[in-house]
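Asks: Listed here are the chains, written in short residue letters.
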Amino acid sequence: MTPLQTALAVLLAPLASAVLIALFLRTKGTLASFVSVAAATLIAAGGLWLAFGGARFNASLEWFRIGSFSIELGIKFDDLAALMLSIVGVVGLCVHVFSLGYMHDDTAKARFFGGLSIFMFSMIGIVMADNLFMMFIFWELVGFSSYFLINHWYHKQSAADASKKAFIVNRVGDVGFVLGIILCYWRNGTVNLNELGASHDLVYSRIIPLLLFCGAVGKSAQLPLQVWLPDAMEGPTPVSALIHAATMVAAGIYMLCRIEVLMVPPAAMVIAWVGALTAFYSALCAVTQRDIKKVLAYSTLSQLGYMVAAFGLGSVGASMFHLTTHAFFKALLFLGSGSVIIGCHHEQDIFRMGGLRSRMPVTFWTFTVAVAAISGLPFLAGFFSKDAILVLAYGNNKAVFAVLALTAILTAFYMLRLWKIVFLGKARSDSAGHAHESGISITAPLVLLAVLSAVGGYTVIYHGAFDAVFSHIPEAEGSTHWVVLLTSLVVLGVGAGTSLAFYSTDGNDALESRHPSVFGFLCTLKASFDGAYDYYVEKVQQRLAMALNFIDLVVLSGVIVRGLAGAVEMFGFGVRALHTGRINHYVYWFLGGVVILWAFAAGVL
Amino acid sequence: MTPSLEAYVMLSAALFVIGFLGVLVRKNTLVIYMCLELMLVAATLALVAFSRFNGTEDGDVFVFFILTVAAAEVAVGLAIIVALFRVRQTVQVDQLDSLKH
Amino acid sequence: MEHFAFTCLSVFSLACAIGVVLSKNAINGAMCLLLCLAGIAGLFVQLHAYLLAFVLVLVYAGAVVALFLFIVMLLDMQGGRAWKFRGFNAVAGMIAAVLLVTGLNLLAVRGRLGAGPPLGHSAGSSLKLYSYQLFTTYLLPVQVMGFLLLISMLGVIVLSRRVTPKEDDK
Numbered sequence: 001m002t003p004l005q006t007a008l009a010v011l012l013a014p015l016a017s018a019v020l021i022a023l024f025l026r027t028k029g030t031l032a033s034f035v036s037v038a039a040a041t042l043i044a045a046g047g048l049w050l051a052f053g054g055a056r057f058n059a060s061l062e063w064f065r066i067g068s069f070s071i072e073l074g075i076k077f078d079d080l081a082a083l084m085l086s087i088v089g090v091v092g093l094c095v096h097v098f099s100l101g102y103m104h105d106d107t108a109k110a111r112f113f114g115g116l117s118i119f120m121f122s123m124i125g126i127v128m129a130d131n132l133f134m135m136f137i138f139w140e141l142v143g144f145s146s147y148f149l150i151n152h153w154y155h156k157q158s159a160a161d162a163s164k165k166a167f168i169v170n171r172v173g174d175v176g177f178v179l180g181i182i183l184c185y186w187r188n189g190t191v192n193l194n195e196l197g198a199s200h201d202l203v204y205s206r207i208i209p210l211l212l213f214c215g216a217v218g219k220s221a222q223l224p225l226q227v228w229l230p231d232a233m234e235g236p237t238p239v240s241a242l243i244h245a246a247t248m249v250a251a252g253i254y255m256l257c258r259i260e261v262l263m264v265p266p267a268a269m270v271i272a273w274v275g276a277l278t279a280f281y282s283a284l285c286a287v288t289q290r291d292i293k294k295v296l297a298y299s300t301l302s303q304l305g306y307m308v309a310a311f312g313l314g315s316v317g318a319s320m321f322h323l324t325t326h327a328f329f330k331a332l333l334f335l336g337s338g339s340v341i342i343g344c345h346h347e348q349d350i351f352r353m354g355g356l357r358s359r360m361p362v363t364f365w366t367f368t369v370a371v372a373a374i375s376g377l378p379f380l381a382g383f384f385s386k387d388a389i390l391v392l393a394y395g396n397n398k399a400v401f402a403v404l405a406l407t408a409i410l411t412a413f414y415m416l417r418l419w420k421i422v423f424l425g426k427a428r429s430d431s432a433g434h435a436h437e438s439g440i441s442i443t444a445p446l447v448l449l450a451v452l453s454a455v456g457g458y459t460v461i462y463h464g465a466f467d468a469v470f471s472h473i474p475e476a477e478g479s480t481h482w483v484v485l486l487t488s489l490v491v492l493g494v495g496a497g498t499s500l501a502f503y504s505t506d507g508n509d510a511l512e513s514r515h516p517s518v519f520g521f522l523c524t525l526k527a528s529f530d531g532a533y534d535y536y537v538e539k540v541q542q543r544l545a546m547a548l549n550f551i552d553l554v555v556l557s558g559v560i561v562r563g564l565a566g567a568v569e570m571f572g573f574g575v576r577a578l579h580t581g582r583i584n585h586y587v588y589w590f591l592g593g594v595v596i597l598w599a600f601a602a603g604v605l
Numbered sequence: 606m607t608p609s610l611e612a613y614v615m616l617s618a619a620l621f622v623i624g625f626l627g628v629l630v631r632k633n634t635l636v637i638y639m640c641l642e643l644m645l646v647a648a649t650l651a652l653v654a655f656s657r658f659n660g661t662e663d664g665d666v667f668v669f670f671i672l673t674v675a676a677a678e679v680a681v682g683l684a685i686i687v688a689l690f691r692v693r694q695t696v697q698v699d700q701l702d703s704l705k706h
Numbered sequence: 707m708e709h710f711a712f713t714c715l716s717v718f719s720l721a722c723a724i725g726v727v728l729s730k731n732a733i734n735g736a737m738c739l740l741l742c743l744a745g746i747a748g749l750f751v752q753l754h755a756y757l758l759a760f761v762l763v764l765v766y767a768g769a770v771v772a773l774f775l776f777i778v779m780l781l782d783m784q785g786g787r788a789w790k791f792r793g794f795n796a797v798a799g800m801i802a803a804v805l806l807v808t809g810l811n812l813l814a815v816r817g818r819l820g821a822g823p824p825l826g827h828s829a830g831s832s833l834k835l836y837s838y839q840l841f842t843t844y845l846l847p848v849q850v851m852g853f854l855l856l857i858s859m860l861g862v863i864v865l866s867r868r869v870t871p872k873e874d875d876k
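Quick mapping for you: the protein sequence lines, in order, are chains A, B and C. Counting from 1, one number per residue, gives the positions in the first sequence under my numbering. Counting from 606, one number per residue, gives the positions in the second sequence under my numbering. Counting from 707, one number per residue, gives the positions in the third sequence under my numbering.
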């Protein structure tokens, strides 16, 4: 099979799976799950074969043309795409297998797996897209898949609300994205990534990259559009793992890396600061959460901020490296939490867990590896990627470096808090007391991801397949090297140590009980964005909507539509009055007509 | 000295106008019908005058046709009026307005 | 001399025509129509259309007006209401009259109706000439007239059937 055929198979397999499930397998959940997992396996195998087989190519097909404007569908398969495809494939496969166990007793399994397949199709479309129009199409599809999957338990009002919120907030970002695409097409004449990369006379514009970044703000949940991601945890855990941790939210980062050629320093500065502030803000919010998945959601926001800041500071390599390692350990964290949730019989409050170290050993050890990776324990994957970003920040912008370093302390702090309260101590509730490890379909992906989280930082394992990307990872030399190394070790020690010492396993949140004012401040920090949006919607948008509604009902429907109808009716009344039924009157009309004809004939008229 | 053609035509026009006025202002259906016949006769007068002054007989022959048609029309029209009278018991036009809106 | 005859006959015809329009009684109106037709017949004679004058009197005055009189008396009206000279109707009537007269005279004046040379003995006054035309040039209209008369006869028969009242008819 040629690489192009393999790429097409990888792209279309999940679509075929979704169509098959939608048409024929709606009630046969188990069969649907196997079809979906088969598609995921094909994707993973195909993607890895393409990536490590060295196939790099471009292909394109013109879809339609209007005059001189045409939209093409094409594949740009370079190192960046290969890397992303591998991540999506491997993590996707792990999540699919995990779902076999997690959703085993769910009543709507077929719908779930159909949604997963549609998501895989859309995500691979984004990965392979070679022009911004095509990317936008699949961008929207991914948004839809996210809506569909968050809404899986749609009879829960909170899930329905959360899915709507996710979609709408995404759409807000997409407005900027579309404007950016249009502006780019207008100024540069093309949105094809190959042509943009090869062009030598790109228009220097600060607006275009910032508008395109709006799309990333929405999709990757940066400030101020980060409000949807914590609520998106209403979806099932595999969905959170796949979409809202590893792949979809990383699509924003991927898109940014794709349009790197359009970046200009002022825009990059803005991007870097947005990323840094997002990271810091979400780390602060994560400290107070009780729900295990919400902690991980805020953690995701924080790490995404890291990636965006890295990109803003100028390095695609650092950003993608962190994306890779983050995909592994965040997916592992989510799947581990899923294992914990299902082991404790759908309990999600961490203060009602505890003592799971001895009861669920596989989960415990894999979760530990992930926590260590995200906190930056040396020699694990997260350490290398975070270090690269800190080196980059230290070299370019000390202020951003300081913010990121503080965020790293907080990261270690809340992750260790989570780890300690969930796994250590004694069981704090009945369900935790009766927890047990789940089957192989749940534990096997955990182990695989743990291995990857551990060794994923050593770029040598990739056999040079992604050199175009990873060769740009900043390496420190000299004094920078020692400063950054020292910083990261101190950060880890301070954060982890404080957390382990401060929090106890007695079932209360230590921060809440000992420093209620700090706790309260952090809670308001979290709620402030939602509050602002609520206020805006209630006061501004609703009033505008009411005004428009009034105009529509009264002016458009009433005055114009019914008014016109009334006018015609009046005219009809008038004409009706002419029908008297009396011959005399009709003869008068006849005379009138004859007179007009005479006048016409005589030249008077 | 025969009167000029114009005189005949104007006489015919005058008779026609009088007949038309009768149609307009009278309320009795039968009298309206009689005024219609008056209009027809005026037309025949004009025709005969023209044929005389042009020297052909076409106008005269056409008068035959007009007379025939008038006779047929009168027969049928009066039959209709009689049938209408049977149903409505009136021939006053202002009471025969069932085609009113 | 001819002028005198013409003037008398025309005045007579006009007067009778106005009588038809203004008469109170329908029977009076029919009588006036009869006299008007007589006047017109006289005018035909003056135009040397003797046969036509005769036919006019025979068919029109003899048959048509007689039929009118029959029907008027059959319908047994209680003295028709006269047309009163008041109201909207009158004004409209006046306006209509003015319009019509103006219109017709405009056409008469603008049209070039010169007093053509009258022929001494008019060519078309013999039955032979008429019948020749009727059977050659106007053969089709003659046949159509035949059909017309047939159909009108049928129509009259159908229309004058006595309608049997149905039970549910009001």
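Quick caveat, the hints were computed from the structure, so don't treat them as lab data. Misleading hints may appear alongside valid ones.
To be verified - Ranges of calculated distance between the beta carbons of each label pair, as one might list FRET restraints:
1. C:ALA772 x A:VAL568: 45 to 55 Å
2. A:GLY558 x B:HIS706: 51 to 61 Å
3. C:ALA769 x A:ALA567: 27 to 37 Å
4. A:GLY558 x C:LYS730: 53 to 63 Å
5. C:VAL717 x A:VAL594: 44 to 54 Å
6. A:ALA567 x B:SER703: 23 to 33 Å
7. C:VAL864 x A:LEU556: 54 to 64 Å
8. C:LEU720 x B:SER703: 18 to 28 Å
9. C:ALA796 x A:GLY558: 21 to 31 Å
10. A:GLY572 x C:TYR756: 29 to 39 Å
Just so we're clear, the structure is a prediction, and the values are computed from it rather than from any experiment. Every residue gets a Cβ at the ideal spot worked out from N, C-alpha and C, and that includes glycine.
Asks: Does each hint fit the structure? Answer for all of them.
Replies: Evaluated hints:
{"no.": "1", "hint": "C:ALA772 x A:VAL568: 45 to 55 Å", "result": "holds, 53 Å"}
{"no.": "2", "hint": "A:GLY558 x B:HIS706: 51 to 61 Å", "result": "violated, 29 Å"}
{"no.": "3", "hint": "C:ALA769 x A:ALA567: 27 to 37 Å", "result": "violated, 56 Å"}
{"no.": "4", "hint": "A:GLY558 x C:LYS730: 53 to 63 Å", "result": "holds, 59 Å"}
{"no.": "5", "hint": "C:VAL717 x A:VAL594: 44 to 54 Å", "result": "violated, 27 Å"}
{"no.": "6", "hint": "A:ALA567 x B:SER703: 23 to 33 Å", "result": "holds, 30 Å"}
{"no.": "7", "hint": "C:VAL864 x A:LEU556: 54 to 64 Å", "result": "holds, 58 Å"}
{"no.": "8", "hint": "C:LEU720 x B:SER703: 18 to 28 Å", "result": "violated, 37 Å"}
{"no.": "9", "hint": "C:ALA796 x A:GLY558: 21 to 31 Å", "result": "violated, 47 Å"}
{"no.": "10", "hint": "A:GLY572 x C:TYR756: 29 to 39 Å", "result": "violated, 58 Å"}
Going through the hint list in order, the structure does not satisfy hints 2, 3, 5, 8, 9 and 10.
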